[in-house]
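Peer 1: What follows is each chain in one-letter form.
Protein chains: 4
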Amino acid sequence: MMAVPDKMMAAFLMAPGKLEVKEAATPSPGPEDVLIRVEACALCGTDVSLIDKPLPGQPPYGEFIPGHEYAGTVMQAGSSVDEIGDGDRVTVEAHLGCMRCSNCRRGNYTACLNYGNLKRGHRANGFTTNGGYAQYVVNHINTVYKVNDQVSLDEAALVTNLGCVLYGYETLGGFIVGDQVMVIGPGPLGLISAKVAQALCAEKVYLVGTRESRLEIGRKIGAGRIINLNQEDPLEVIMSETGGRGVDIVIESSGSESGLNLAIKATKRMGKILLLGFPHQPIPADFEELALNNKVLFTVRGEGWANVGRGVSLLQQGRVDLKPLITHSFNLIEIEKAFETFINRIDGAIKVLVKPNSVQA
Amino acid sequence: MMAVPDKMMAAFLMAPGKLEVKEAATPSPGPEDVLIRVEACALCGTDVSLIDKPLPGQPPYGEFIPGHEYAGTVMQAGSSVDEIGDGDRVTVEAHLGCMRCSNCRRGNYTACLNYGNLKRGHRANGFTTNGGYAQYVVNHINTVYKVNDQVSLDEAALVTNLGCVLYGYETLGGFIVGDQVMVIGPGPLGLISAKVAQALCAEKVYLVGTRESRLEIGRKIGAGRIINLNQEDPLEVIMSETGGRGVDIVIESSGSESGLNLAIKATKRMGKILLLGFPHQPIPADFEELALNNKVLFTVRGEGWANVGRGVSLLQQGRVDLKPLITHSFNLIEIEKAFETFINRIDGAIKVLVKPNSVQA
Amino acid sequence: MMAVPDKMMAAFLMAPGKLEVKEAATPSPGPEDVLIRVEACALCGTDVSLIDKPLPGQPPYGEFIPGHEYAGTVMQAGSSVDEIGDGDRVTVEAHLGCMRCSNCRRGNYTACLNYGNLKRGHRANGFTTNGGYAQYVVNHINTVYKVNDQVSLDEAALVTNLGCVLYGYETLGGFIVGDQVMVIGPGPLGLISAKVAQALCAEKVYLVGTRESRLEIGRKIGAGRIINLNQEDPLEVIMSETGGRGVDIVIESSGSESGLNLAIKATKRMGKILLLGFPHQPIPADFEELALNNKVLFTVRGEGWANVGRGVSLLQQGRVDLKPLITHSFNLIEIEKAFETFINRIDGAIKVLVKPNSVQA
Amino acid sequence: MMAVPDKMMAAFLMAPGKLEVKEAATPSPGPEDVLIRVEACALCGTDVSLIDKPLPGQPPYGEFIPGHEYAGTVMQAGSSVDEIGDGDRVTVEAHLGCMRCSNCRRGNYTACLNYGNLKRGHRANGFTTNGGYAQYVVNHINTVYKVNDQVSLDEAALVTNLGCVLYGYETLGGFIVGDQVMVIGPGPLGLISAKVAQALCAEKVYLVGTRESRLEIGRKIGAGRIINLNQEDPLEVIMSETGGRGVDIVIESSGSESGLNLAIKATKRMGKILLLGFPHQPIPADFEELALNNKVLFTVRGEGWANVGRGVSLLQQGRVDLKPLITHSFNLIEIEKAFETFINRIDGAIKVLVKPNSVQA
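Sequences listed follow chains A, B, C and D, in order.
Quick note on this note's numbering: the first sequence kicks off at 65 and runs consecutively.
Quick note on this note's numbering: the second sequence kicks off at 65 and runs consecutively.
Quick note on this note's numbering: the third sequence kicks off at 65 and runs consecutively.
Quick note on this note's numbering: the fourth sequence kicks off at 65 and runs consecutively.
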């Protein structure tokens with residue numbers, strides 16, 4: 065067992081919009097857990113939301129450490145854990161299902177029917193239990209994946225995003241060789257979606273957005289056809305380049321009303337739409353177009369079906385490279401500056417890391 | 065070969081809203097077709113729509129005979145047809161795919177990418193080619209199903225509806241033993257959906273509507289829990305009776321904004337929604353609820369994957385009885401009265417038949 | 065909490081072929097467990113095997129209580145258990161996966177990769193942990209299902225078989241409306257398979273066997289076509305009655321070489337075969353017939369994907385009746401006589417029960 | 065329309081084992097067909113079989129031109145064909161389903177229930193209708209795929225093999241990111257299977273065989289772990305390198321008894337086996353191992369679900385390169401020498417081409 069201090073530094077949510085880095089007791093792993101020394105924790109749009117306004121099941125102010133995209137080193141393993149040992153480099157996923165409800169038992173643990181019910185065993189680090197904006201964090205063995213030396217822990221901290229995208233493709237069937245895929249919205253999930261579509265041998269990947277700098281990144285990672293909404297009508301482009309048929313698959317990650325309705329229109333008959341982003345308010349959508357053409361609208365919650373493991377494999381194989389998305393790094397005590405940079409996309413910020421064990425600025 | 069007259073009577077669409085019964089040449093079957101003497105053709109809501117306003121691919125006024133839900137007797141078979149012969153009692157489905165586009169080749173012929181393209185082989189009787197409001201009609205062998213003597217041709221004329229519902233259940237996975245199923249909207253498709261859910265061993269079938277007479281029919285055919293919107297809040301009922309979990313499956317067949325949003329809310333995490341009905345205008349919907357809970361929204365076009373065959377089997381087995389839905393019958397020359405009865409639900413009309421070979425009133 | 069004595073009677077496996085009923089400490093439930101007072105435990109062919117020769121992971125002689133098909137009443141619930149409470153009538157499934165290997169996490173817990181690894185959390189009552197030939201038994205909450213008053217606990221003790229059959233049908237796709245299904249071997253699983261096929265609206269169910277008394281039971285429960293191997297050639301019957309096409313689905317539950325090869329031959333192109341029984345030694349099979357015709361050979365281990373829950377629903381709905389399969393009941397102290405009756409099919413024995421809480425003969 | 069001579073040269077099967085190149089009338093395309101000038105036709109093991117002994121549905125000696133893996137240029141298009149035009153470079157698939165049986169209608173046209181029934185529309189060029197060892201051949205539009213200029217017609221002639229392998233992966237689910245895949249047998253289909261597994265982002269591809277030269281090709285195309293049966297025990301290697309778990313997927317393409325039983329043993333619990341090769345006689349297999357571990361045995365007939373189109377996409381994207389498999393080319397009049405080279409693997413022959421329009425040696 066490696067030496068672990070009794071106390072650690074961590075960023076607690078004290079009130080809406082208010083994170084405070086302070087000292088706390090280092091947590092202890094239970095029989096099925098490991099204790100991880102966090103190397104890097106990536107900021108996510110959901111962090112911004114829950115810091116602003118609590119999500120269901122969120123612990124009280126003053127007791128809650130957010131952060132759900134992180135990687136680090138195993139320091140201690142619980143009594144039943146022998147799959148993973150001290151010193152192993154690992155990344156994580158957020159969702160630990162209760163593993164006893166009807167959804168979990170059938171493998172759908174990110175849609176656990178006991179979400180937020182700690183007594184029955186559900187945990188979601190960074191949502192309902194403490195997360196990665198801390199020097200140390202406890203994870204259940206189900207949520208931990210080994211990472212080999214060819215992948216940096218900074219990059220590994222982003223693998224949750226990749227797991228989510230892969231879960232999305234698996235939800236759609238997963239076999240997209242030769243398909244036409246359109247991705248709407250070049251945020252982190254959109255860019256990763258475009259890259260994964262290319263990695264899985266889609267025939268052509270369309271990427272739709274407005275921000276030229278992000279579209280340019282998309283071009284580099286394998287989107288064969290960039291559509292800048294300021295310059296072209298995306299539906300016209302799709303129909304023209306697919307012979308009026310539409311694309312096989314749309315990944316909607318803009319979360320906008322126009323994005324969703326573009327998705328509905330640009331999909332071929334019997335095509336599939338995946339919502340990675342979604343509007344936070346009800347918006348009008350053309351269900352007749354959907355129904356008359358036998359299109360299906362899929363959603364994904366989290367990074368289900370252990371797809372973080374598939375994501376780690378893609379990184380280790382060098383098939384996907386998440387490093388270009390990491391634009392900024394901050395020490396833990398700079399966490400507010402990190403959020404400011406992320407929220408306002410300062411200096412072209414895409415993914416921003418906090419490094420909890422580099423406390424001194 | 066049975067004797068077939070050169071001339072027949074048929075109801076032609078002459079102008080918006082105007083059907084005219086007149087004499088026409090009896091059509092001839094091609095090599096892969098059969099000629100059917102129509103015993104009964106059922107009115108459908110889509111007929112009402114297309115009589116009012118042409119659908120894409122609809123033939124010109126004066127040349128088009130609508131009607132897509134019918135049954136009758138085979139009078140002639142094309143040169144390649146030996147699966148079915150003269151005198152066979154048959155029912156039909158509307159959609160003949162081109163069988164050469166990428167959708168048809170993978171079995172998704174109701175979502176044919178060559179819809180309305182007669183040259184490439186697509187046909188949809190009653191939509192893009194002539195249908196069943198006629199004494200005789202030509203059907204491709206793919207769209208014809210034998211019916212045994214235990215099923216009346218009147219009942220057989222409704223099997224398209226059953227095929228559509230079964231296609232819906234197959235789209236959802238089809239294995240619903242022990243599931244909780246909610247059906248919204250007790251129209252013909254809704255009532256049949258409730259009956260089929262019960263036949264496939266769903267644990268409990270909820271049927272939601274306002275019209276007491278129709279809900280009562282639902283109760284008789286196997287809906288275990290009737291929810292009259294005028295008396296109870298359906299979401300409260302569902303949550304109360306499923307322990308706050310929601311139902312496994314929702315069949316939305318009301319086509320209303322409230323129905324769709326009830327569907328989205330009442331489905332459990334990871335649950336499935338099927339749109340059998342849909343609003344004809346864009347309507348606001350809560351996609352956040354859908355996405356945060358990993359729910360999927362399925363649609364069906366027509367009666368795909370040869371589910372009319374499964375429907376015929378259910379009728380022949382006596383597992384589903386469509387006769388209670390048949391409330392009225394008219395001769396062909398009374399077709400306008402038939403539509404008036406159907407549209408205005410006169411005398412509790414649900415399904416209304418036209419009998420083309422009983423021309424004399 | 066209900067009163068539970070410190071000591072109980074149970075049948076321990078002392079040596080190959082030797083069961084001994086003796087006193088033992090009543091077990092205590094852990095935090096995620098319940099303690100069940102066993103009403104009835106059904107004998108299974110696998111019991112016969114493991115009593116004769118230990119299976120992998122089986123506890124040492126003198127410490128092991130077999131029995132995996134049982135039902136009873138909850139006496140105590142572990143600290144985290146609030147889904148189920150004292151006095152609830154319950155039935156069980158054997159397999160508790162570790163819930164942390166890659167198979168369990170994706171819902172395939174009966175194929176747990178940590179089978180027999182108690183440290184990592186796997187348990188299989190009656191196989192690797194103590195089972196139901198005892199007055200009391202401990203079950204993890206995942207393996208317990210409530211049963212309503214309309215189902216006797218004797219019948220509920222057989223629900224594992226039904227869960228296994230349902231898992232098989234779900235593995236095949238589960239939507240068999242209008243299909244032709246052949247069941248080979250009228251043992252308990254075969255008879256239940258025939259009944260379930262009928263319940264799920266198969267068009268026609270063929271049941272193949274030699275024992276007239278069992279075939280007669282098959283006829284009563286819904287097999288529409290009985291084929292006695294002593295009187296008819298089953299392949300000829302199938303080909304004759306399916307127009308030379310073969311059946312859509314074969315359930316092979318004879319476990320014989322001839323049964324397996326009949327299954328391979330009698331299935332239609334693109335058809336599906338499910339092995340419920342299987343030979344214990346390698347046997348010759350015609351893989352060319354399988355491959356040239358694109359047939360698939362499925363297997364099932366246990367009663368996966370929580371299908372015991374679906375089975376309970378079928379019993380509660382009255383859609384399946386397992387009572388006719390229960391031919392004999394014995395007190396616990398008569399367990400050797402119970403096995404003798406079961407093994408030698410004395411007096412037409414099909415399923416034989418042991419009643420642990422009726423110790424006095 | 066391009067100029068096509070009335071007469072052509074073609075290799076007819078005159079008797080068992082006897083091909084004769086002679087003059088014949090150039091065929092004419094029907095309304096849904098195209099006429100193709102054959103550039104290259106690849107020899108396949110099935111050709112060897114059917115030349116030796118007729119397959120079911122094969123035309124009489126003296127009238128039958130074999131050859132089913134070919135590519136060429138469209139010379140004429142039937143009256144309904146506007147998807148493809150004169151001068152288009154195309155490749156083909158063998159199977160045209162009847163498109164009216166229940167299998168074809170659901171997309172399973174390579175398992176057509178009317179196989180060999182020309183009247184009902186089934187055709188399989190090179191099997192039941194004339195094939196590609198001819199200067200010209202007629203193909204139904206369903207069996208023709210355009211190929212762009214980046215792919216040579218020689219390479220395109222092999223795409224049927226790629227379509228078959230892709231159909232196999234799609235049958236298995238198709239989403240193999242991060243999976244462990246073992247391929248047994250480094251023949252053409254085995255080598256392509258290894259390459260496709262790598263292209264679809266499998267974590268590790270094991271290739272098992274004996275012939276060092278072919279294993280070496282496997283290594284070059286992406287098999288990360290070569291197992292030469294003469295040097296290592298493959299089951300030991302697999303168990304050692306997967307932590308005793310077994311691989312997720314086995315592609316068996318050796319067609320041998322030992323290969324099949326290795327496949328059954330080396331697959332993990334709940335794993336999948338695909339038979340690309342198969343023994344021509346019944347062989348003993350361990351079904352207990354299969355059943356106790358919930359493994360599934362899949363087969364594929366031909367290159368179904370339009371996977372030749374996906375194969376063309378992989379070639380055009382440069383993701384798979386079939387050129388290294390082409391070891392020899394012959395003129396049509398040298399066809400017997402071509403078969404001799406192929407059968408005896410002279411000079412390391414893997415895939416051997418015949419070039420029908422280079423008649424003069």
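Mixed in with the good hints there might be a few duds.
For identical chains, the list gives no copy identity; a pair is met inside one copy or between any two copies.
In silico SDA-like pairs for lysine to any residue, Cα to Cα no more than 25 Å straight-line [claimed, not checked]:
1. K336 x L114
2. K336 x E234
3. K82 x N408
4. K82 x A413
5. K210 x G307
6. K82 x N292
7. K329 x G286
8. K329 x G341
9. K329 x D218
10. K268 x L299
11. K401 x R153
12. K183 x K268
13. K336 x D411
14. K268 x G286
15. K210 x E305
16. K387 x V211
17. K117 x S216
18. K336 x F76
19. K387 x N292
No lab work stands behind these hints: they were computed from the structure.
Peer 1: Next step is simple, just say for each hint if it's right about the structure.
Peer 2: Comparing the hints with the structure gives:
Proximity of K336 to L114 under the C-alpha cut-off of 25 Å is found in neither arrangement, the shortest distances being 30 Å within a copy and 28 Å between copies. Within a single copy, K336 and E234 get their C-alpha atoms as close as 12 Å, and across copies as close as 17 Å, so both meet the 25 Å cut-off. In this assembly of identical chains, K82 and N408 lie within 25 Å of each other by CA distance solely inside one copy; the values are 17 Å within and 61 Å between copies. In the homo-oligomer, the alpha carbons of K82 and A413 lie at most 25 Å apart inside one protomer (21 Å), although the nearest pairing across protomers, at 63 Å, exceeds that limit.
Taking the shortest alpha-carbon separations for K210 and G307, only the inter-copy value of 14 Å comes in at or below 25 Å, while the best intra-copy value is 45 Å. For the identical chains of this complex, K82 and N292 are neighbours neither inside a copy (37 Å) nor across copies (48 Å), given an alpha-carbon limit of 25 Å. Taking the closest pair of Cα atoms, K329 and G286 come within 25 Å of each other only inside a single copy of the chain (24 Å); across copies the shortest separation is 38 Å, beyond that limit. When the C-alpha separation of K329 and G341 is checked against a cutoff of 25 Å, the pair qualifies both within a copy, at 17 Å, and between copies, at 19 Å.
For the homomeric pair K329 and D218, neither the shortest alpha-carbon distance inside one copy (38 Å) nor that between copies (39 Å) is at most 25 Å. When the C-alpha separation of K268 and L299 is checked against a cutoff of 25 Å, the pair qualifies only within one copy, where the shortest distance is 15 Å, while the shortest distance between copies is 40 Å. In the homo-oligomer, the alpha carbons of K401 and R153 never lie at most 25 Å apart, since the shortest distance is 27 Å inside one protomer and 58 Å across protomers. In this homomeric assembly, K183 and K268 never come within 25 Å of each other (Cα to Cα): the closest approach is 47 Å inside a single copy and 29 Å across copies.
Taking CA atoms no more than 25 Å apart as the test, K336 paired with D411 passes in neither setting, with 35 Å inside one copy and 42 Å between copies. For the homomeric pair K268 and G286, the shortest alpha-carbon distances inside one copy (9 Å) and between copies (23 Å) are both at most 25 Å. For the homomeric pair K210 and E305, the shortest alpha-carbon distance between copies (16 Å) is at most 25 Å, but the shortest distance inside one copy (42 Å) is not. For a Cα distance limit of 25 Å, the shortest separation of K387 from V211 inside one copy, 15 Å, qualifies, whereas the shortest one across copies, 36 Å, does not.
Taking the shortest Cα distances, K117 and S216 never come within 25 Å of each other, neither inside one copy (33 Å) nor across copies (51 Å). In this assembly of identical chains, K336 and F76 lie within 25 Å of each other by CA distance neither inside one copy nor across copies; the values are 41 Å within and 38 Å between. Taking the closest pair of Cα atoms, K387 and N292 come within 25 Å of each other only inside a single copy of the chain (24 Å); across copies the shortest separation is 38 Å, beyond that limit.
Checked against the numbered hints above, the structure breaks hints 1, 6, 9, 11, 12, 13, 17 and 18 and satisfies the rest.
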